[in-house]
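Chain residues, written in single-letter form:
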Amino acid sequence: MNARPGLTRREFIGLSVAGLLAFFGVWTLASVVGLAPRQFLPPPWSVAQKFVELTHEPFSGYTLQQHLLSSFTRFGMGFGLAVLIGIPLGLLLGWFRWLDAIVSPLFDALRFVAPIAWVPFAALWFGTGIGGPVLVIFTGAFPPCVINAHRGARYVDRRLVEAAQTLGARHWHIITEVLLPASVPSIVAGLRVSAGLGWQSLVGAELIVASSGIGYLLVKGQASISTSIVMSGMIAIGIVGFAIDALLQGAERYLQRQRGAM
Amino acid sequence: MDKRAGFSRLVVGASTFAVVVVLWYIATSVTHFIPPVYFPTPVEVLQALRQIAVQGYADGRLHQHFLHSSWLVLMGFAVAVSVGVPLGMLMGWSRRAEALINPVFLLLRPIPPLAWIPLAIVWLGLGDAAKVLVIWFAAFVPAVINSYAGVRSIEPYLIEAARSLGIRHAMLVREVLIPGALPLIFTGLRLSLQACWTTLVAGELIGAIVGLGHVLYQAGLDIFPAMIVVGMISVAIAGGLMTTALGWLEARSMPWHIR
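Chains as they are written, first to last, in my numbering: chain A, 1 to 262; chain B, 1 to 259.
Derived from the structure by calculation, the hints contain no laboratory data.
Selected chain B positions facing chain A (in silico; Cβ < 8 Å):
no.: 1; residue: 99
no.: 2; residue: 111
no.: 3; residue: 225
Residues of chain B placed beyond 12 Å of chain A at every Cβ, according to the derived structure:
no.: 4; residue: 27
no.: 5; residue: 30
no.: 6; residue: 53
no.: 7; residue: 54
no.: 8; residue: 61
no.: 9; residue: 127
no.: 10; residue: 168
no.: 11; residue: 175
no.: 12; residue: 178
no.: 13; residue: 210
no.: 14; residue: 245
no.: 15; residue: 256
Where is the CB? At the ideal position from N, CA and C, for every residue including glycine.
Here chain A stands alone, though its shape is the one from the complex:
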């Protein structure tokens, strides 16, 4: 974009560092000067220290890694279910118009219910161990899977479908051999959104119903008014969320390159 005056590399790096320094500077200053009590706003280094401490000293039963592991198991199950059910459903909706007409209104209505609002039922139906949080993650991750598979299948090149039909392909073959490969880019884009929402819902679910996991760590930290534990947990959540997104983004780029090469 030419309308924006450019920056040299040095200016750019200088300003970026200045921004970060200002952020940590204000934080440190507010904490050290005593603008906020230390208990409520610990300086960055004591948060870092707490973070390291949590990796080898258990807090509320488990170490940080163990909490993350149990969160991740739940996430994997909820997200996996959403993918396994959502993508086939989306493809079917994209192919059979009558099914679309029946299911879509229900789906749209249900989508207005925030995933987190499923928490009471999740706890009632599946308890607070694994099942409850998994249902909440599922409700968060499910819609983008369906929507993107649906959209991908809907906007497939008609000629491909017609060619397959002239060659005598059945519904099943069209769905698996024409619609599915053609909608892969859309599906992968949906997976990224889905994983993000799923991870977020997981945190929400664990804040409310769970007895282990990273969200639970936050709640326990909050209950014992330990800001440094809460902040450590937030950092861990951020890192994992970032890693999940980066992984899927990598997959997206890889697929794009593959398609470009074909």
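Position chain B against the provided structure of chain A, taking the given hints into account.
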């Protein structure tokens, strides 16, 4: 043709709902295939709705919960939008601002808004202030990102043309940048609003005195499935109403934009 297709879709949609309600009635009230402990009958839901609307439940009547939640969402949303949109536009306009702010933003962005709830509670307690803070945060990120993308999406020649005609700075913002960025800004606002509701419900589930999330919490505690359903439907309706209002505003503020 298009109208007829829309109409038939409406008919199919409405009949689907009717069929679902009938199936629901049969599964719960007639055959008891689904035990009432797990899911309420339609009649129970209506009774629960009457109870909360007339006598009140979880320390308030339905309209009080509804208005309280909506008010918090509106507050947090308004503050986030009025800070986030200008900030995003500034970042889209000036590379200096972008270089300065973006790293901090990237650092905070991966933390989901829900994860701020415990921190907000530690800082501000269980009252409304904590919720507004968290809602603000939830709405802030999408507002900034999309306003940024909106300004960046404007064709450079539009800006150059305006400049060569000797446009002043304030006018450039008003006549070129804002209208050009508006479609994406509204996309951001829609995402913001959704995030607001999710966050509010989570915040109220964790701790609140009134509000729709508190109704859900209390109903879960009392093992009162019918009230859980009422709470979920209320949350959906409240969110749907606000999204519709935003869509109306979008259409009104961009009469030139054909969707």
